[in-house]
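K.L.:
In the numbering used here, the protein residues as written are 1 to 121.
Derived from the structure by calculation, the hints contain no laboratory data. You may find that some hints are simply not true.
Straight-line Cα separation of at most 30 Å, DSS-like style, residue types lysine-lysine; simulated pairs [stated by the list, open to error]:
(1) K119 x K106
(2) K64 x K106
(3) K119 x K108
(4) K20 x K31
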Amino acid sequence: MARVPHQQFNGFLEQEGLIKDSSLKEFADFKVGIEVAQWMRQLELPVLESLQPAMGGVPISFEKAVLSSLNSWRNSSLTPIFVFQGLGVRREGNQFPLGSEGRSSKRKAAWEQYMDARKRG
1 MARVPHQQFN
11 GFLEQEGLIK
21 DSSLKEFADF
31 KVGIEVAQWM
41 RQLELPVLES
51 LQPAMGGVPI
61 SFEKAVLSSL
71 NSWRNSSLTP
81 IFVFQGLGVR
91 REGNQFPLGS
101 EGRSSKRKAA
111 WEQYMDARKR
121 G
């Protein structure tokens, strides 16, 4: 299989005939990898809710669309495995290697000092 840049991946899949539409029931009891950014683009959301700018937070329609989609997966006996860009799929070693051990030990020491000060004070 040819090496394809990430930005051209969907075009490559279509060109090779590897994308098809079918009923979710055909894949009952499968685990399916879902690329989250692409999945979220395909959710049917209104462009703007009338009070969203004033209220802030997550749009009500967003939660409804996500829950509806998850129910479709559940009703089809599928297990979605959500994949986020930049994160490895397999859990081998530390997923966040850039100094996370040092930060973790510093955070632990800071909490211990805080708790000791509370006990004394």
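K.L.:
Decide, hint by hint, whether the structure agrees.
P.N.:
Against the structure, the hints:
1. K119 x K106: Answer holds: K119 to K106 is near 20 Å, not above 30 Å.
2. K64 x K106: 40 Å, violated
3. K119 x K108: 17 Å, holds
4. K20 x K31: 17 Å, holds
Going through the hint list in order, the structure does not satisfy hint 2, though it satisfies all others.
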